[in-house]
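Participant: For chain A, the structure is supplied; the task is to place chain B on it using the hints.
Protein chains: 2
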Amino acid sequence: MSDAAVTTLSEQECWDLLAGEEFGRLATSAAGSVAITPVNYCVRDQKIYFRSAEGSKLVSLVVASSVAFEIDQVRGRDAWSVIGQGEARIVDSMSEQDELSASLHLHPWVDTVKEIFVEVTLDEVSGRRFRLAR
Amino acid sequence: MSDAAVTTLSEQECWDLLAGEEFGRLATSAAGSVAITPVNYCVRDQKIYFRSAEGSKLVSLVVASSVAFEIDQVRGRDAWSVIGQGEARIVDSMSEQDELSASLHLHPWVDTVKEIFVEVTLDEVSGRRFRLAR
Numbered sequence: 000m001s002d003a004a005v006t007t008l009s010e011q012e013c014w015d016l017l018a019g020e021e022f023g024r025l026a027t028s029a030a031g032s033v034a035i036t037p038v039n040y041c042v043r044d045q046k047i048y049f050r051s052a053e054g055s056k057l058v059s060l061v062v063a064s065s066v067a068f069e070i071d072q073v074r075g076r077d078a079w080s081v082i083g084q085g086e087a088r089i090v091d092s093m094s095e096q097d098e099l100s101a102s103l104h105l106h107p108w109v110d111t112v113k114e115i116f117v118e119v120t121l122d123e124v125s126g127r128r129f130r131l132a133r
Numbered sequence: 000m001s002d003a004a005v006t007t008l009s010e011q012e013c014w015d016l017l018a019g020e021e022f023g024r025l026a027t028s029a030a031g032s033v034a035i036t037p038v039n040y041c042v043r044d045q046k047i048y049f050r051s052a053e054g055s056k057l058v059s060l061v062v063a064s065s066v067a068f069e070i071d072q073v074r075g076r077d078a079w080s081v082i083g084q085g086e087a088r089i090v091d092s093m094s095e096q097d098e099l100s101a102s103l104h105l106h107p108w109v110d111t112v113k114e115i116f117v118e119v120t121l122d123e124v125s126g127r128r129f130r131l132a133r
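Keeping their order, the protein sequence lines are chains A and B.
The first sequence runs contiguously to residue 133 in numbering that gives the first Met the number 0.
The second sequence runs contiguously to residue 133 in numbering that gives the first Met the number 0.
Just chain A, same shape as in the assembly (with noise of 0.2 Å):
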């Protein structure tokens, strides 16, 4: 079959659709075991944050190893995936801290006590659209 059913975005439009959505999943690997976690995040500066937890197992595992970030959407047959890999970094300077804090509209899912912020780099990002077959 053909294979125009498929385009690949360009990176521009990759980082477009990462800045246009808040919700996303995050791979990390440790041990051997690989592992997905769901997170609400923000883009800024061609970088992914997010919240978790101080002490969380995510956060043990982001700094453990690379990570993986995915984000999707599809609507009937029509459908678009963008995915990138890197390195995530505990911010762990108050003053980084706290300018995050007042400049990103960034909500953890629940409200839990302490949160800190990890920040993902992402060396690499992909994407394409599809249109399925049925």
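Rather than coming from a laboratory, the hints here were simulated on the basis of the structure.
Ideal Cβ placement from N, Cα and C applies to all residues, glycine included.
One or more hints might be untrue.
Claimed, not checked - Listed next, the stretches of chain A that the computed footprint assigns to chain B, with coverage defined by at least 3 CB atoms under 8 Å from CB atoms of chain B:
{"no.": "1", "stretch": "5-15"}
{"no.": "2", "stretch": "67-73"}
Unchecked claim - For the chain A half of the interface with chain B, some residues (derived, Cβ under 7 Å), not all of them:
{"no.": "3", "residue": "ALA29"}
{"no.": "4", "residue": "SER32"}
{"no.": "5", "residue": "ALA34"}
Facilitator: This is chain B only, laid out in the frame that chain A set:
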């Protein structure tokens, strides 16, 4: 804040949700690098099946490591997610492939020439239902 906004799903609820969806994300890890790939899938006997091109990068990744699988849904302030971890294998017996082709309504996102089945066995599944904080 109260954590009443999160409900833990039972294993049966997780499998019911997995059986009811057809679009998920698979995470793989190889050589220290994590990746996420969206897949069209179906469930039979608590196993996840999807198709991928023979010799594809995805096929090489799933056999190299443990995998994780995720589905989710966000509708306004209500969201749920189901995640699982396990192993993948290529379905290599011809009789099993034919039987899967005949019995599963499993279509790849895009029609391609030669596709094989991948079976994912999840050792554990867990799920949560959220009332998103705003």
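Participant: Taking 7 Å as the limit, does the beta-carbon of ALA34 (chain A) come near enough to a beta-carbon in chain B?
Facilitator: Holds, because the Cβ-Cβ distance from ALA34 (chain A) to chain B comes to roughly 5 Å (cut-off 7 Å).
Participant: Count the residues of the stretch 67-73 of chain A whose Cβ falls closer than 8 Å to any Cβ of chain B, and tell me whether that reaches three.
Facilitator: holds (count 5)
Participant: Taking 7 Å as the limit, does the beta-carbon of SER32 (chain A) come near enough to a beta-carbon in chain B?
Facilitator: holds (5 Å)
Participant: So is the stretch 5-15 of chain A in contact with chain B by the C-beta rule, three or more residues under 8 Å, or is the coverage claim wrong?
Facilitator: violated (count 1)
Participant: For the hint on ALA29 (chain A), just tell me whether its beta-carbon gets within less than 7 Å of chain B.
Facilitator: Check failed: Cβ of ALA29 (chain A) comes no nearer than 9 Å to chain B, outside 7 Å.
The structure fails hints 1, 3 (numbered hints given earlier, in ascending order).
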